[in-house]
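Engineer: This is what each chain is made of:
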Amino acid sequence: MSQIPAAGAPLDTGSLRLKGVDHLAHVTWKPEETLHFYRDVLGLPLVHAITATGWVTEDFPDFVHFFFALGKGNHLAFFYYFGLPEEEDPGDLMHRSRHLALHVDTEEELTAWRVRLKEHGVRVTPPLAHELLESLYFDDPNGIQLEITRPLRAFADVDARDAELTLRALSDIAKGERPTVEDMWRRKGELARDHAEQAAAAEEKASIR
Amino acid sequence: MTTLYVLDIPEFDDLVRVARDTGYGIRSAGDYVEVTADGPLVLARDAVGARPAIWFAALTGGYSGRLVHLDEDELCLDEG
Chain X
1 MSQIPAAGAP LDTGSLRLKG VDHLAHVTWK PEETLHFYRD VLGLPLVHAI
51 TATGWVTEDF PDFVHFFFAL GKGNHLAFFY YFGLPEEEDP GDLMHRSRHL
101 ALHVDTEEEL TAWRVRLKEH GVRVTPPLAH ELLESLYFDD PNGIQLEITR
151 PLRAFADVDA RDAELTLRAL SDIAKGERPT VEDMWRRKGE LARDHAEQAA
201 AAEEKASIR
Chain R
210 MTTLYVLDIP EFDDLVRVAR DTGYGIRSAG DYVEVTADGP LVLARDAVGA
260 RPAIWFAALT GGYSGRLVHL DEDELCLDEG
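Protein sequence lines correspond, in order, to chains X and R. At position 207 of the first sequence (counting the first as 1) the number is 207 in this note's numbering, and the numbers step up by one without a gap. At position 42 of the second sequence (counting the first as 1) the number is 251 in this note's numbering, and the numbers step up by one without a gap.
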């Protein structure tokens with residue numbers, strides 16, 4: 001087994017680079033409502049649909065697999081499976097967590113989307129300002145949570161360096177039996193102190209030169 | 210000694226300002242601002258004026274000490 005790298009440190013992939021999302025796939029039991037919502041309300045072109053018998057595995061149902069273009073080469077896809085019993089809705093936390101956030105650039109666009117969604121009878125939240133994003137939340141006809149979000153500022157290098165320390169702290173304490181957020185913050189404090197000492201040493205070295 | 214590391218980004222500028230005005234030790238520490246107190250380190254949300262997403266992420270830089278509480282009104286760390 002290969003050694004697990006430190007959190008956030010990428011393995012050397014050489015010239016290999018992944019280039020964004022080709023498609024994200026969900027399952028629908030409501031094809032008509034899904035088509036109307038994504039094509040007519042969100043304005044996403046329907047660009048492809050596959051219809052096939054369930055050849056993939058022995059018990060794979062016959063299906064339709066259809067794709068909406070999200071822009072920038074990204075797509076949102078749905079499977080409709082013939083004869084598949086409808087699944088129960090996920091709990092509230094999983095519903096909120098497993099969401100798709102769609103990007104706009106400006107506050108004006110965010111406001112305009114909220115107006116459009118309300119005009120089409122979609123229940124949509126007021127804008128919610130997070131750390132670096134401001135977002136609207138609403139559900140598609142399948143109960144999948146969607147978000148439209150705009151940047152409050154761009155991610156900076158300092159955010160990435162801090163994320164490295166956070167994921168290192170989380171990785172360190174998540175191995176424990178009942179990890180808590182306090183455990184993580186205390187470990188992060190140790191890593192931040194180390195970072196501070198290294199920064200001070202580097203500064204001192206630079207001043208001596 | 211109680212120490213709070215605050216990520217040095219604009220979203221936390223008000224928190225650092227209030228910590229400085231309160232008389233806590235403030236030191237630039239690489240990507241973080243190190244806030245130190247002899248004994249409890251207490252910050253009132255009213256004074257900081259942060260929106261919820263920022264206020265409840267105030268400990269994201271980590272700390273040395275013990276979290277007494279972080280609620281809608283106040284952040285309190287102490288030694289231990």
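Incorrect hints may appear among the rest.
Pair by pair, the computed Cβ-Cβ distance ranges are [stated by the list, open to error]:
#, chain 1, residue 1, chain 2, residue 2, range
1, R, P219, X, R123, 41 to 49 Å
2, X, G73, R, I235, 41 to 49 Å
3, X, K19, R, A253, 46 to 54 Å
4, R, D222, X, F60, 51 to 59 Å
If you want the ones that stay clear, here's a sample from chain X, every Cβ over 10 Å from chain R, calculated [said to hold, decoys possible]:
#, residue
5, Y80
6, A129
7, F138
8, E182
Rough simulated footprint, nothing fancy, chain X against chain R, three-plus residues with beta-carbon under 8 Å [unchecked claim]:
#, region
9, 218-226
10, 244-253
11, 265-273
12, 276-283
It should be emphasised that the hints constitute simulated quantities derived from the structure, not laboratory data. The beta carbon of each residue, even a glycine, is placed where N, CA and C say it ideally should be.
Engineer: Please go over all the hints and tell whether each is borne out by the structure.
Structural biologist: Hints, verified against the model:
no., hint, verdict
1, R:P219 to X:R123: 41 to 49 Å, "33 Å, violated"
2, X:G73 to R:I235: 41 to 49 Å, "47 Å, holds"
3, X:K19 to R:A253: 46 to 54 Å, "47 Å, holds"
4, R:D222 to X:F60: 51 to 59 Å, "55 Å, holds"
5, Y80, "37 Å, holds"
6, A129, "6 Å, violated"
7, F138, "19 Å, holds"
8, E182, "5 Å, violated"
9, 218-226, "holds (count 3)"
10, 244-253, "violated (count 0)"
11, 265-273, "holds (count 7)"
12, 276-283, "violated (count 1)"
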